[in-house]
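**Q** Since chain A is already given, all that's left is putting chains B and C on it; use the hints.
Chains as they are written, first to last, in my numbering: chain A, 1 to 292; chain B, 1 to 351; chain C, 1 to 333.
Think of the hints as simulated: they come from the structure by calculation, not from any bench.
None of these values were measured; they are calculated from a predicted model.
No incorrect hints appear here.
Sample of chain C residues lacking proximity to chain A, with all beta carbon distances greater than 12 Å (derived):
# : residue
1 : Ser55
2 : Ala174
3 : Asp180
4 : Lys322
Lysine-lysine pairs mimicking DSBU-like chemistry, simulated, CA-CA at most 35 Å apart:
#  : chain 1 : residue 1 : chain 2 : residue 2
5  : B       : Lys313    : B       : Lys192
6  : B       : Lys235    : B       : Lys192
7  : B       : Lys120    : B       : Lys192
8  : A       : Lys46     : C       : Lys322
9  : C       : Lys322    : C       : Lys136
10 : A       : Lys46     : C       : Lys136
11 : B       : Lys235    : B       : Lys71
12 : B       : Lys82     : B       : Lys120
13 : B       : Lys82     : B       : Lys192
14 : B       : Lys313    : B       : Lys235
15 : A       : Lys46     : B       : Lys120
16 : B       : Lys22     : C       : Lys136
Stretch by stretch, here's where chain A covers chain B in the computed footprint (C-beta under 8 Å, at least three residues):
#  : region
17 : 58 to 68
18 : 83 to 91
19 : 108 to 114
20 : 163 to 175
21 : 183 to 194
From the three backbone atoms N, C-alpha and C, an ideal C-beta is built for every residue, glycine too.
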Amino acid sequence: MSAFVYRPTASPQDAAAWTRRQAFLTDLRAVGGRAYPRVTGMLREKSWVFFEVLLPFLSTSAFVFVYRALAAPAEYIGFVVLGGAMTAFWINVIWMMANQLYWERSQGNLELYFAAPIDIMAILFGMALGGMVMSTTRAVAILVVATFVFGVTFQITQWALLIAIFLLTLAALYGLGMVLASLFLVWGREAFQLTQLFTEPIYFVSGLNFPVGRLGLIGALAIATLPLAVGLDAMRQLAFSNADIPFQTPPPAIEALILVVMTVVFLLLARWMLRRMEELARREGRLSLRWQ
Amino acid sequence: MPTSPGPLAIEARAVRRVYNIKPAPVVALDGIDLEVAPGEFFGLLGPNGAGKTTLIKILTTLLLPTSGTAKIFGFDVADDVKRIRRIMNMVAGGEQSGYGILTVREQLWMFSQFYGLPRKDGWRRVDELIEAVGFTEQAAQRVSTLSTGQRQKMNFVRGLLNDPWILFLDEPTLGLDVAAARSVRQLVVDWKAAVPGRTVLLTTHYMAEADELCDRIAIVDHGRILAIGSPDELKRRVQRESIFRLELDRLDGGIAALARLPGVVSAAPAADAESDDDRQTVALNLVLEEDGALGGVVGALGGLGSHILALRKSEPSLEDVFVELVGRGFDDVDGPGPGTPDPVRVEGEHD
Amino acid sequence: MAVTAAGPSAAPDPVSPDPVSPEGLGSPAWGGFDHRRTRDPGPVAAWRGFRTAVSLGWQMEANWTDPLLFFIYSVAKPVSAALILVVMLEIISGGGNPGYLAFVVVGTALWAYVYSGIAGVAWSILDDRERYRMLKYIYVSPNDFLTFLLGRGVARVAVGAMGTIITLGVGVVALGVRFDAGAVDWPLLVLVMILGTVAIVAVGVLIGAVCLQTRQESWSYPDAVAGALFLISGVVFPLSVLPSPLQAIGMLTPLTWWLEGIRHAVFPAGASGVGGAGSLWTSWVGSVSPDTTTIVVALLATGGLVTLAATGIFRLSERRAKDRGLLDRTTGS
Numbered sequence: 001m002s003a004f005v006y007r008p009t010a011s012p013q014d015a016a017a018w019t020r021r022q023a024f025l026t027d028l029r030a031v032g033g034r035a036y037p038r039v040t041g042m043l044r045e046k047s048w049v050f051f052e053v054l055l056p057f058l059s060t061s062a063f064v065f066v067y068r069a070l071a072a073p074a075e076y077i078g079f080v081v082l083g084g085a086m087t088a089f090w091i092n093v094i095w096m097m098a099n100q101l102y103w104e105r106s107q108g109n110l111e112l113y114f115a116a117p118i119d120i121m122a123i124l125f126g127m128a129l130g131g132m133v134m135s136t137t138r139a140v141a142i143l144v145v146a147t148f149v150f151g152v153t154f155q156i157t158q159w160a161l162l163i164a165i166f167l168l169t170l171a172a173l174y175g176l177g178m179v180l181a182s183l184f185l186v187w188g189r190e191a192f193q194l195t196q197l198f199t200e201p202i203y204f205v206s207g208l209n210f211p212v213g214r215l216g217l218i219g220a221l222a223i224a225t226l227p228l229a230v231g232l233d234a235m236r237q238l239a240f241s242n243a244d245i246p247f248q249t250p251p252p253a254i255e256a257l258i259l260v261v262m263t264v265v266f267l268l269l270a271r272w273m274l275r276r277m278e279e280l281a282r283r284e285g286r287l288s289l290r291w292q
Numbered sequence: 001m002p003t004s005p006g007p008l009a010i011e012a013r014a015v016r017r018v019y020n021i022k023p024a025p026v027v028a029l030d031g032i033d034l035e036v037a038p039g040e041f042f043g044l045l046g047p048n049g050a051g052k053t054t055l056i057k058i059l060t061t062l063l064l065p066t067s068g069t070a071k072i073f074g075f076d077v078a079d080d081v082k083r084i085r086r087i088m089n090m091v092a093g094g095e096q097s098g099y100g101i102l103t104v105r106e107q108l109w110m111f112s113q114f115y116g117l118p119r120k121d122g123w124r125r126v127d128e129l130i131e132a133v134g135f136t137e138q139a140a141q142r143v144s145t146l147s148t149g150q151r152q153k154m155n156f157v158r159g160l161l162n163d164p165w166i167l168f169l170d171e172p173t174l175g176l177d178v179a180a181a182r183s184v185r186q187l188v189v190d191w192k193a194a195v196p197g198r199t200v201l202l203t204t205h206y207m208a209e210a211d212e213l214c215d216r217i218a219i220v221d222h223g224r225i226l227a228i229g230s231p232d233e234l235k236r237r238v239q240r241e242s243i244f245r246l247e248l249d250r251l252d253g254g255i256a257a258l259a260r261l262p263g264v265v266s267a268a269p270a271a272d273a274e275s276d277d278d279r280q281t282v283a284l285n286l287v288l289e290e291d292g293a294l295g296g297v298v299g300a301l302g303g304l305g306s307h308i309l310a311l312r313k314s315e316p317s318l319e320d321v322f323v324e325l326v327g328r329g330f331d332d333v334d335g336p337g338p339g340t341p342d343p344v345r346v347e348g349e350h351d
Numbered sequence: 001m002a003v004t005a006a007g008p009s010a011a012p013d014p015v016s017p018d019p020v021s022p023e024g025l026g027s028p029a030w031g032g033f034d035h036r037r038t039r040d041p042g043p044v045a046a047w048r049g050f051r052t053a054v055s056l057g058w059q060m061e062a063n064w065t066d067p068l069l070f071f072i073y074s075v076a077k078p079v080s081a082a083l084i085l086v087v088m089l090e091i092i093s094g095g096g097n098p099g100y101l102a103f104v105v106v107g108t109a110l111w112a113y114v115y116s117g118i119a120g121v122a123w124s125i126l127d128d129r130e131r132y133r134m135l136k137y138i139y140v141s142p143n144d145f146l147t148f149l150l151g152r153g154v155a156r157v158a159v160g161a162m163g164t165i166i167t168l169g170v171g172v173v174a175l176g177v178r179f180d181a182g183a184v185d186w187p188l189l190v191l192v193m194i195l196g197t198v199a200i201v202a203v204g205v206l207i208g209a210v211c212l213q214t215r216q217e218s219w220s221y222p223d224a225v226a227g228a229l230f231l232i233s234g235v236v237f238p239l240s241v242l243p244s245p246l247q248a249i250g251m252l253t254p255l256t257w258w259l260e261g262i263r264h265a266v267f268p269a270g271a272s273g274v275g276g277a278g279s280l281w282t283s284w285v286g287s288v289s290p291d292t293t294t295i296v297v298a299l300l301a302t303g304g305l306v307t308l309a310a311t312g313i314f315r316l317s318e319r320r321a322k323d324r325g326l327l328d329r330t331t332g333s
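Chain A extracted, bound-state conformation:
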């Protein structure tokens, strides 16, 4: 039967000898393959529109009303709105990436991923890409709706830098997500619970609702280590360029460089850690153990 024969090779050695191009294309296809169920799932079950878009908008609005109660300058409303939009990506990183390998192991998919001739980073990229559709929808919804409802006025003069910083922030965020995914693979249940620590505590040190520079040393450390902190701060400085508010942080161009460094460091670190974690998992038999 021809169905049982596909591109036969002369020997297993020939079949195993892939070129770099073949290996790269396979990883690329794996990205698309893994993104597919995410996107399809979103289209098939649409409850996320209510829970992932509308309700988070209301949550963001709560902080807007706090500033209104305090009669804060109008730019602070904009800070909250921008922060609310960026949480969409952070939530995607911690729930849909960092935790995901742990889930995949529970469902028996992790073994199959590792048994395939792909880099596990391709799988994580695919998850990120697939989840980005939902996150982007959430972020745009919050941004657009809140802007109109609360009358936020943006003062953007450097569009190119703003877009670049946004993309760099995403890259660094997802790089960090991969680092966390590798840790979660080894930590197991502990890591799953620790996801809780990556919500409010990170929001606080990242200055989700206020300029992170106001946190002093903590803010400085956050700028140096957390993509959400530095990216959000840079975007605020660019989005409200005329604001008479002391950010007390480096200028956006410097923060863009910080993001570049973060992206490279996180991606390299993720690559290294995923390989070490895979080896450790293979040594200890954790690729298919459940209930850990």
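**A** Just chains B and C now, with coordinates in the frame of chain A:
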């Protein structure tokens, strides 16, 4: 063992695997030596907890051996991981992997991407394989709605997507009904027959499955290989002669006449013969040196004027082999029962 | 069991007695089956099942790490949430609004309890269905399904309570929240806690009903719902800040009255979340803030409605899940 040029499909040397778990470490594999030639259908037969799945996980690069080495077509499982993953695939029984929200077709296409098939090729190959295994009706069904047998068929198709040189099947018919299990077994046979050189390693605790499918079998228990050989060779350890039960309409000259024929070791009336007043039949057990002697016996019976009414070969089962080696059945509690002989360790008698 | 042809004088055929007849089922030939086992086990068994579920939930919530890390984990989230608001206040008011600071700290501390109660039932469903694949076995056991889920959720509520108490402590010790133990209305506090907990868990049951129908990704739904309720419940700002329609919705929410009751009981001198200048309450009723009786009655009424609705909707969802075979599916993408 059949010989062929090139590296062995599987070569394991002194493979040991210890799990460090509480309260005490578990030795899952205790020095496994194994050679499987390309093109073989090789079975690992043993009870639950024997170490079959652990060995498969090592060979499929999901687990590292604690000590020893293992190679797949010359590629080391510890160091040449990527190369091995390009030429192998695995299917386990009871797999619940995948994403329930996808259809069968979509799920399989997704996996085709993990093996580097171009996008359109992937869809086409998935459709071809779905049709080849008779799964067309379920192609558009969501994975979460499949029955156990259907799911396993889908898993099996997944295992064939990348046209592996070696396919690892870890209890692939576990939990399947008779028809589904038969269907899966037939698929494996058909797939393997399509290209010479394809190798299959099957682990199972179903004797009949191993007997039916495998060229050679290794019997495993407590992390060790107790015996290796073809099903016939293994059974001959328990019973070297061929035993046949014959029913004849008559036998002139009596049983003694048969016993004198060349190749006949002994002949005796069958103990379970049923008497029937309306029909005179002669039922007897014939022990031959080998199957080939049967032709002479049949010819001699014809010369004596006897007609054969029924002929059945009596063979020991693989469980008989296991009991002979270990002193207990697959379902018995660990360790020999009272009154049974000490377990016979036959590592030195591997073929 | 041998089946024999029986003559008129032979022993009774063990197969032929009417299976409905207790004698038939209870006879030695049937193994002495006790038909009383099929009856409703009653409240004692229900309580035992609930207790077991509580114990199970606590084991799963608390045994994944060492006590110190567990403590940090339980406290970090609510304390951080409070600090976010504190910094926001500090930036704008420069420390010149201690009354509002107390309002905010108390609100966010209590919200940790709300969040854990809301997430408890929902996450129990997702945990047992997706991770442990036990949901179907629990469902077919004689225990009431909802009772089991409530028990499983209790552990998370306990963890949330711990976080709340510690955050309040941090607020009093480090953030300038004034607390006078002698001024606490303990009976009101106990009553409001009981009524409020029921209402909080009811909201959790509502979300659980949704999670029974949706995919694995609904892990974030409790977050989303809690976030939305955060807006309209007077957690970090008085309802008077909101537009009137949202204020009205807020006053129909039991969580609003629960928070108001806690504030009234524990910090009687503090600001009201419901009343005050510009609030719908003051414009309707005329008083600056609701009194004790009003708070209790409102909490009882709104909580009762939510509890009834949650129970009904959960049963409907359960029925739908059974119809569509959702109880033993695993989802995920």
